[in-house]
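Enquirer: Given the coordinates of chain Z, work out where chains L and B with the ligand should sit on it, guided by the hints.
Chains as they are written, first to last, in the UniProt record's numbering: chain Z, 1 to 89; chain L, 1 to 89; chain B, 1 to 189.
Derived from the structure by calculation, the hints contain no laboratory data.
Where hints are given, some of them may not hold.
Stated by the list, open to error - Dumping the calculated BS3-like pairs for lysine-lysine here, alpha-carbon to alpha-carbon at most 25 Å:
1) B/Lys80 with B/Lys6
2) Z/Lys9 with B/Lys155
3) B/Lys80 with Z/Lys81
4) B/Lys137 with B/Lys6
5) B/Lys16 with L/Lys68
6) B/Lys101 with B/Lys121
7) L/Lys68 with B/Lys155
8) B/Lys180 with B/Lys121
9) Z/Lys9 with B/Lys16
10) B/Lys6 with Z/Lys16
11) L/Lys24 with B/Lys101
12) B/Lys101 with B/Lys180
13) L/Lys68 with B/Lys121
14) B/Lys180 with Z/Lys9
15) Z/Lys16 with B/Lys80
16) Z/Lys16 with B/Lys121
17) Z/Lys81 with Z/Lys16
So the chains spell out like this:
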Amino acid sequence: MEWTDERFKVYQQLMKEIQAVDFVLVELNLYLDTHPNDQQAVEQYNDYVRQSAALKSRFQSMFGPLYGFGNSYTTCPWSWKEAPWPWQV
Amino acid sequence: MYTYRKAYRPFVSPNDPCPPMWVKTYETPPQLYLGFQPYGMPQFPPMEALRWGTLWPALFAPYSNPYKQKRMGGYRWNGQMNGSRYTNS
Amino acid sequence: MWVYEKKLQYPVRVNKCDPRMAKFLIEQYGGADGELAAALRYLNQRYTLPDRVIGIVNDIGTEELAHLEMIATMVYKLTKDATAEQMKEAGLGPHYADHDKALYFHNAAGVPFTATYFNAKGDPITDLYEDIAAEEKARATYQWLINMTDDPDLKDGLQFLREREVVHSQRFREAVEILKEERDAKRLF
Ligand SMILES: [Fe+2]
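Isolated chain Z (complex conformation):
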């Protein structure tokens, strides 16, 4: 699909939302590694897992898979290998 300015803007916006939610998950993951019994943090973690999944399914329906090796569904043609790669954006 062709990359218009508009499409690029949507890509960046949605990507940033995913980055924010996934960042909370990274922080909670490291925290829980040393605080495994913090019930509240565990609940928050699970809540953000749901949010992340919802955002990613929206993103992937527009821009293709975020994961290879069976962790995302694929379309035909196989679009995992398509640019942009993260460092190109």
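Expert: Just chains L and B with the ligand now, with coordinates in the frame of chain Z:
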């Protein structure tokens, strides 16, 4: 609440080849003081957490070039030779 | 195994065309206290640590790989469209002669990466203390890099990476406390 930057005055010799930096600083970030992180500390919302690089304000310590902050009483040499030139107090 | 995510951990932006800065940033790519050294150090130490702290070391090691990709992105963006002439002016002539624009694991002075940058002593406290020191050294490197750029976008990414070192240091300090095992006892007094 702790300060995350400390300052000291190095000895200034009349034989020093460059104009002196009267005050030098070093960083003392929050992990030096927090101890084992307690449960339930206040959090940033996701977008801000991403922006600041941590989910917890208590672990956030901003950094900017200390020698560019003119305001802070001579972090950068002000071009004046004054009384403290020969002392380190 | 690892699963690759087609995303950066943080939206890296570079505003100013400044290939000279790439020469300095490479310190965090292939330098002694860089992200590669960090990732390899932790992912190698984890095999012989007590079960209670493997998780945190494994996960911080994994996050370091994301940081390696961020640094690579900065270097890539800063050099991508530079001419041979610009590379030369930026002090990247020696790099260009050997690698063109390809990234290479060396430090800011051009010294190639080596496994001697990190250790695995097999003594858990010793290894975690090395990890805490490594985080503080990486934090300091980011400070010196921030001092050398006036590109607000680049600074933004570097500040994120510096802050991550603060959090990693905090978690390694907690791992030490977990191994000391006296935390609950102390609370009783
Ligand atoms: Fe780190």
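Enquirer: Run every hint past the structure and note whether it holds.
Expert: Each hint tested on the structure:
Distance hint between B/Lys80 and B/Lys6 is fulfilled; the C-alpha atoms sit about 20 Å from each other, no more than 25 Å. Pair hint Z/Lys9 plus B/Lys155 holds up; C-alpha atoms about 23 Å apart against a cutoff of 25 Å. This hinted pair checks out: B/Lys80 and Z/Lys81 have alpha carbons roughly 21 Å apart, not beyond 25 Å. Between B/Lys137 and B/Lys6 the CA atoms are separated by roughly 29 Å; this puts the pair beyond 25 Å, and the hint is violated.
Proposed proximity of B/Lys16 and L/Lys68 is supported: the alpha carbons are some 20 Å apart, at most 25 Å. A hinted pair counts as satisfied when its Cα atoms are at most 25 Å apart, and B/Lys101 with B/Lys121 does not qualify at roughly 37 Å. A hinted pair counts as satisfied when its Cα atoms are at most 25 Å apart, and L/Lys68 with B/Lys155 qualifies at roughly 14 Å. Between the alpha carbons of B/Lys180 and B/Lys121 the distance comes to roughly 18 Å, so the proposed pair stays at or under 25 Å and holds.
As the CA atoms of Z/Lys9 and B/Lys16 are separated by approximately 21 Å, the hinted pair is consistent with the 25 Å bound. Only pairs whose Cα atoms come within 25 Å are accepted, and B/Lys6 paired with Z/Lys16 is accepted, the gap being roughly 13 Å. Taken as a hint, the L/Lys24 and B/Lys101 pair is broken in the structure, with Cα atoms around 38 Å apart against an allowance of 25 Å. Proposed proximity of B/Lys101 and B/Lys180 is contradicted: the alpha carbons are some 48 Å apart, above 25 Å.
With a CA separation close to 41 Å, the supplied pair L/Lys68 and B/Lys121 exceeds the 25 Å bound. Between the alpha carbons of B/Lys180 and Z/Lys9 the distance comes to roughly 50 Å, so the proposed pair goes past 25 Å and is violated. At most 25 Å may separate the alpha-carbon atoms for a hinted pair to count; Z/Lys16 and B/Lys80 meet this at roughly 24 Å. The hinted pair formed by Z/Lys16 and B/Lys121 fails the criterion: a straight-line CA distance of about 40 Å is larger than 25 Å.
For the hint linking Z/Lys81 to Z/Lys16, the alpha-carbon distance of about 21 Å falls within 25 Å, and the restraint holds.
Hint check: violations occur at hints 4, 6, 11, 12, 13, 14, 16; the rest are consistent with the structure.
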